[in-house]
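Here is what each chain is made of, one letter per residue.
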Amino acid sequence: MIGRPNPTLVHYFRQRKQAGRFPAATKGTLRYGRAGGAACHHQVCFYIRLNTDNTHIEDVRFQAYGPSTTIAAAAYAAEWLMGQAIIDIAQLTAQAIAEKLGMCTTQRHSACLVADALLHLH
Amino acid sequence: MSIQRPIYLDYMASTPIDPRVIEKMLAYMGPEGHFGNAASLSHLYGWSASEAIDTARQQVADLIHAQSDSIVFTSGATEAINLALKGACHFYRRKGKHLITTQIEHSAVLDTLTFLSQQGYEVTYLKPDAQGLIEPEAVAAAIRPDTVLCSILHANNEIGVIQDLPAIAEQTAKQGVLLHVDAAQSAGKIPLDCQGLPIDLLSLSGHKLYGPKGVGALFVRRKPRVRLTPQMHGGGHEFGLRSGTLATHQIVGLGAACALAQAEMKTESVRLKRLRDQLWQALNQLPEIYLNGAVEPRLPGNLNISVGGVDGEALLMALQDVAVSSGAACTSATLAPSHVLRALGRSSELAYSALRFSLGRFTTDADIQATIAHVTTEINALRALSPLWHDQT
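As given, the protein sequences belong to chains U and Y, one line each in that order.
Per this note's numbering, the very first residue in the first sequence carries number 1; after that it's consecutive.
Per this note's numbering, the very first residue in the second sequence carries number 1; after that it's consecutive.
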């Protein structure tokens with residue numbers, strides 16, 4: 001943490017309402033995306049439940065390890081994804097996340113990591 | 001509406017000025033006070049300032065058991081270190097160009113030595129053991145015929161581990177090498193004895209011992225005399241070693257802070273150790289909490305831990321009600337893992353997850369209880385969020 005954190009980052013860092021995973025018995029089509037790992041000190045995982053037509057996102061969970069920027073970016077993405085059409089996920093780019101959270105250049109790797117995890121949803 | 005401030009547990013970064021010190025300082029600032037230039041020896045204003053400087057010089061000397069004429073006032077420990085290292089290297093340049101230090105010094109020493117290495121000096125950096133201690137024999141083994149000086153951080157600013165100064169000083173004195181001690185963290189917290197030990201140079205800082213920022217001191221041994229080339233010219237103040245009008249109020253503050261620290265050291269270190277141990281015992285109940293550095297010898301108010309499964313920066317952000325510092329050196333927006341913890345052999349993951357708690361004069365029992373509750377809650381919350389912790393448990 002370098003200097004006084006910006007309020008948007010703090011807001012999403014503290015927002016944990018979508019934190020965790022779905023219970024094992026969750027029904028429906030589930031998607032999973034992950035990026036990063038222990039070696040790079042950042043990891044984010046997204047768990048997405050689709051509607052019955054498999055066109056829209058009905059529910060989202062996330063897990064994150066890393067600095068506050070990574071946790072905030074993951075929480076923001078989880079919130080943004082709710083209700084989105086699957087084909088629109090690509091609109092949530094690293095640049096869009098970084099701009100929304102007011103990240104400086106050296107914090108943008110967190111946004112890239114989150115965008116990368118969403119690119120790898122399967 | 002007043003905003004509740006976080007509990008302050010970052011006393012190794014800086015301390016507030018003790019109100020008793022502020023009171024002393026105020027008498028040397030305003031138009032009704034002793035605001036004169038200590039070098040103006042022709043009138044009452046100058047005499048009063050000069051006498052106050054003499055008193056402060058004696059108070060600093062008493063704290064480290066030194067003669068008062070061996071104390072040189074500076075703008076802080078960084079300047080004192082620069083004067084000690086550059087000044088000695090320049091004066092004794094004909095003796096050689098080899099220096100010894102450790103891998104776990106403060107950047108004030110490391111950066112000054114980097115500068116000197118660019119001037120042709122060769123520096124040996126001694127590696128500590130896993131507890132953060134430097135073997136005195138390693139110091140002896142590193143000494144060469146062309147070694148000019150050895151610089152040792154007495155108490156480490158991150159992990160609080162205290163080096164075996166008597167044994168190290170014995171080795172350097174035996175082989176005729178100057179010893180500089182960076183005592184910025186230890187002065188005022190544990191006893192120092194510049195008369196009893198063959199220490200040649202010792203730096204300290206005002207704001208680490210409840211004095212003001214912007215003032216520090218360098219002890220320069222008189223007998224046998226250690227010579228330095230001054231780094232600041234213009235007026236010949238401070239025995240010709242540090243020119244510049246003396247900041248009377250700052251120096252009075254440093255002196256008063258040293259006197260208080262000396263008077264209260266014994267009882268305060270017992271109190272701080274009790275509080276620190278309470279904090280450690282409570283946090284150590286959580287899984288995967290690692291103490292960084294030796295349990296003893298360690299500064300009584302220091303606790304440095306690594307928290308498995310949690311990033312240190314995220315934990316700092318979560319701990320908005322407690323002002324602590326990451327064990328990492330903030331060199332950019334991406335925290336670099338602490339060079340001290342890496343030198344101790346900590347994995348980068350644990351080095352990234354380090355937290356330094358430093359307790360001080362105004363820390364209360366209630367502060368520690370609230371900190372234990374808050375830190376425990378936030379560690380558990382971040383671990384619950386972490387996929388790595390989830391996979392591991």
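Do not take every clue at face value.
Result set (SDA-like, lysine to any residue): computed pairs, CA atoms no more than 25 Å apart in a straight line [what the hints assert, rightly or not]:
id : chain 1 : residue 1 : chain 2 : residue 2
1  : U       : K100      : U       : R4
2  : U       : K17       : Y       : K213
3  : Y       : K266      : Y       : Q175
4  : U       : K17       : Y       : F239
5  : Y       : K213      : U       : K27
6  : U       : K17       : Y       : Q320
7  : Y       : K266      : Y       : P166
8  : U       : K17       : Y       : P387
9  : U       : K17       : Y       : Q392
10 : U       : K17       : Y       : V322
11 : Y       : K95       : Y       : N284
12 : U       : K17       : Y       : P166
13 : U       : K17       : Y       : H390
14 : U       : K17       : Y       : T377
15 : Y       : K223      : Y       : H65
16 : U       : K17       : Y       : F35
17 : Y       : K273      : Y       : E122
18 : U       : K17       : Y       : H374
19 : U       : K100      : U       : A90
20 : U       : K17       : Y       : P19
21 : Y       : K86       : Y       : L110
22 : U       : K27       : Y       : N380
23 : Y       : K127      : Y       : G176
24 : U       : K17       : Y       : A373
25 : U       : K17       : Y       : D391
26 : Y       : K127      : Y       : A336
27 : U       : K17       : U       : N6
28 : Y       : K95       : Y       : Q175
29 : U       : K17       : U       : P7
30 : U       : K100      : U       : Q15
31 : U       : K17       : Y       : N380
32 : U       : K27       : Y       : F35
33 : U       : K17       : Y       : A384
34 : U       : K27       : U       : L121
35 : U       : K100      : Y       : K266
36 : Y       : K213      : Y       : K95
37 : U       : K27       : Y       : H390
38 : Y       : K213      : U       : R4
39 : U       : K27       : Y       : Q175
40 : Y       : K86       : Y       : G120
None of these hints come from the bench; they were simulated from the model.
Given pair status - Q392 (chain Y), K17 (chain U), alpha carbons within 25 Å:
23 Å, holds
Holds or violated: K86 (chain Y) and G120 (chain Y), Cα atoms, limit 25 Å.
Roughly 12 Å between the alpha carbons, so the hint for K86 (chain Y) and G120 (chain Y) holds.
Regarding the pair K223 (chain Y) and H65 (chain Y), is the alpha-carbon distance no greater than 25 Å?
14 Å, holds
Holds or violated: K213 (chain Y) to K95 (chain Y), with C-alpha atoms at most 25 Å apart:
Roughly 36 Å between the alpha carbons, so the hint for K213 (chain Y) and K95 (chain Y) is violated.
Quick one, are K17 (chain U) and F239 (chain Y) close enough, alpha carbons at most 25 Å?
Given pair K17 (chain U), F239 (chain Y) is violated - Cα atoms ~65 Å apart, limit 25 Å.
With the threshold set at 25 Å, check whether the alpha-carbon distance from K127 (chain Y) to A336 (chain Y) stays at or below it.
With a Cα-Cα distance of about 19 Å, the restraint between K127 (chain Y) and A336 (chain Y) holds, given a limit of 25 Å.
For a C-alpha distance cap of 25 Å, please report whether K17 (chain U) and D391 (chain Y) respect it.
Judged against 25 Å, a Cα distance of about 21 Å means the pair holds.
Keeping to a limit of 25 Å between CA atoms, is the pair of K86 (chain Y) and L110 (chain Y) held or broken?
12 Å, holds
Regarding the pair K17 (chain U) and N380 (chain Y), is the alpha-carbon distance no greater than 25 Å?
The hint holds at about 16 Å.
Run the distance test for K213 (chain Y) versus K27 (chain U): straight-line Cα separation, threshold 25 Å.
Violated, at about 62 Å.
Restraint check for K17 (chain U) with V322 (chain Y), where alpha carbons must lie at most 25 Å apart
24 Å, holds
Holds or violated: K100 (chain U) to K266 (chain Y), with C-alpha atoms at most 25 Å apart:
53 Å, violated
When held up to the earlier numbered hints, the structure conflicts with 2, 3, 4, 5, 11, 12, 16, 17, 20, 22, 32, 35, 36 and 39 and fits the remainder.
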